[in-house]
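Trainee: If you want the building blocks of each chain, they are given just below.
There are 2 protein chains.
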Amino acid sequence: MLHAVIMAGGSGTRFWPESRTARPKQLLPIMGGKAMLAETVTRLDPLIPAERIWVVTNAAQVDGIRACCPELPDSNILVEPCARNTSACVGLAAAVIHTADENATMVVLPADHVIGPRDEFQRSLQAGAEVAEAGANFVTYGIVPDYPATGYGYIQRADKHSDPHGVECFNVDSFKEKPDLATAEKFLESGEYLWNSGIFVWTSSTILNAIAEHMPDLDSGLQKITATVGSSAYQSTVDAIYPSLPAEPVDIGIMEKVDSVQVLSAPYNWSDVGSWKALYDEVEHDNDGNALVFAEGGKLLTHDAKGVLAYSSSKQCIAVLGLDDIVVVHTKDAILIAPRDRSEEVKKFVEQLKAEERTDLL
Amino acid sequence: MLHAVIMAGGSGTRFWPESRTARPKQLLPIMGGKAMLAETVTRLDPLIPAERIWVVTNAAQVDGIRACCPELPDSNILVEPCARNTSACVGLAAAVIHTADENATMVVLPADHVIGPRDEFQRSLQAGAEVAEAGANFVTYGIVPDYPATGYGYIQRADKHSDPHGVECFNVDSFKEKPDLATAEKFLESGEYLWNSGIFVWTSSTILNAIAEHMPDLDSGLQKITATVGSSAYQSTVDAIYPSLPAEPVDIGIMEKVDSVQVLSAPYNWSDVGSWKALYDEVEHDNDGNALVFAEGGKLLTHDAKGVLAYSSSKQCIAVLGLDDIVVVHTKDAILIAPRDRSEEVKKFVEQLKAEERTDLL
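As given, the protein sequences belong to chains A and B, one line each in that order.
Every number in our numbering is 80 more than the matching position in the first sequence, counting from 1.
Every number in our numbering is 80 more than the matching position in the second sequence, counting from 1.
The set of hints was computed from the structure by calculation and includes no laboratory data.
Where a beta carbon is used, it is the ideal one built from N, C-alpha and C, also for glycine.
Hints may contain errors.
Unchecked claim - Derived Cβ-Cβ restraints for the label pairs, each shown as a range:
1. G271/B / N367/A: 48 to 54 Å
2. D384/B / A262/A: 23 to 29 Å
3. N367/A / A102/B: 30 to 36 Å
4. D384/A / G369/B: 19 to 25 Å
Take these sequences, add in the hints, and give me the full structure.
Mentor: Next up, the structure:
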């Protein structure tokens, strides 16, 4: 059966002041509608029902996730006692799912990406599942780049060998870390590189076998956890084992070491929406290039102001006069104002607030 | 006895979004402490006790004024049914006060100016009262200009003739309307001109006699009101008479027509704080020229930002990154962001909201 594993452990600070320790990006309605995680769950409907959707997260977010996605069974929320990167995250999910369904195929998804349209996305997942099941393949999704991004990893594709469900499928030549601008420009020009979307498909057997072969320390920890799945000792075992597991990205720990990696060219629009600037690029603009994102309605007033992103999680009027290309973010206890292109520097405020131990604002 | 008449009828929109129809500037803690009106009342203590402080206002503001200045007797709040400019306002107060105290001397004050220190202010009022009582004089206060302001009226002073309580007192040559910049520069250079502070002192007899002589229509209306002061017919008489009274500023209707006008050179600091920009100039700045005005505490975070005015009526964190010389105003339902020097253009938003009938934001 097809299962989805949503990785929701992030505690990103790039959306401060809207994102907070117990309210990270995936739990926020960053696009103005539902929380990103809820959108991610909805995006799987009807291909993968709630009982086969698993969320891996940390203890601080469990309540938020339950509130945000009440349709998920409690036991489908897998709680990591500490962050151990994506190989452990994926391994834990595989161990639990494989115990429940030894013929499971797993779609692994970040919780906080923007993807559409939904039909195309589901078509690509069906294609990925077929490729994964057909030959113990590791399936990744690559996004055709439209600018020389330096913030994403890249996948160098090799020969195209099929197009299941009309989705182009290539062998993978190599994975590349985030490049510098000159390299990114070469990648773009060559036409051979795709952005690494961080979305994967494999069967639970395939990934567990690969972990056993390439990450034996992780494997031995997972074996101990597997022995307790479904028992009252499960969570305490996870809590005891997890801190000693190796912390490695699945890209490096597994994907770069195995042979049978395939990349599907994503037939959908995709953004990881990594900053306020990126959010501006994703949402609709009026004739002056102004965009408003209000979770509960609200009003943007502008006078001689263009290219403004106005964001509020409550019903607020935001009035901007005589300033172009700025971001205005309003939350119940904090406001951010910055030039759009510098919105990533918001981390400076997060650092300062940490230094001042202002946990009320973090 | 010395009485104070505080003119609190303004419905200024220059402090939107903090100022609203039922919450105009004088009812706001624009300097971060108490409401401007409460500061104005406190500034008279102990020279003029609450029972001799009178506030002239409109019906919409009565509740706000009572809440803001609970020490004022209810009957000292004089309610105008409609605005009829300052001559009617002053006339109404004179009629009521003179009925209660035929030897009254009246200090007439705007409700929403910033003045300090308090001792110097009270010393100047004592001086003004003596001058007013000595020769049926009309006393005004002039502010020594420190830049060629085009937003104030000016008073051309003539000979200095005394300095009661150490306050310089001059005859008045003429009143000047708000000048253009070139004229204002000449005024400044000449050293003969003072800003018209809008603060006056006269005896109730003096002003009522002058009204009888120079504004007979106002006088005849006030006679009818005077006949009902203290009776149950008082307010209904005011409501009936007021709309037909002439609407003229006291400067033009009276001051420019009488001979015995004196101007005292104000020994205090003064600002009418007419805009967010003006507020910035009045408050303390940190080393980066940033100023925060929080009525209930709050926090200003800046990174590469100078000359910022951050204002909030609630406990809010305002974070500004990479923008200089802006104003950020936060209220519970609206936010304003503008370059400091353009903050007066906020009236554009007020006009737009009026056109859209968004009374919730006005």
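Trainee: Would you mind marking each hint as holding or not holding in the structure?
Mentor: Here is what the structure says about each hint:
1. G271/B / N367/A: 48 to 54 Å: Since G271/B and N367/A have Cβ atoms about 53 Å apart, the given range 48 to 54 Å holds.
2. D384/B / A262/A: 23 to 29 Å: holds, 28 Å
3. N367/A / A102/B: 30 to 36 Å: holds, 35 Å
4. D384/A / G369/B: 19 to 25 Å: holds, 24 Å
Of the numbered hints listed earlier, not one is contradicted by the structure.
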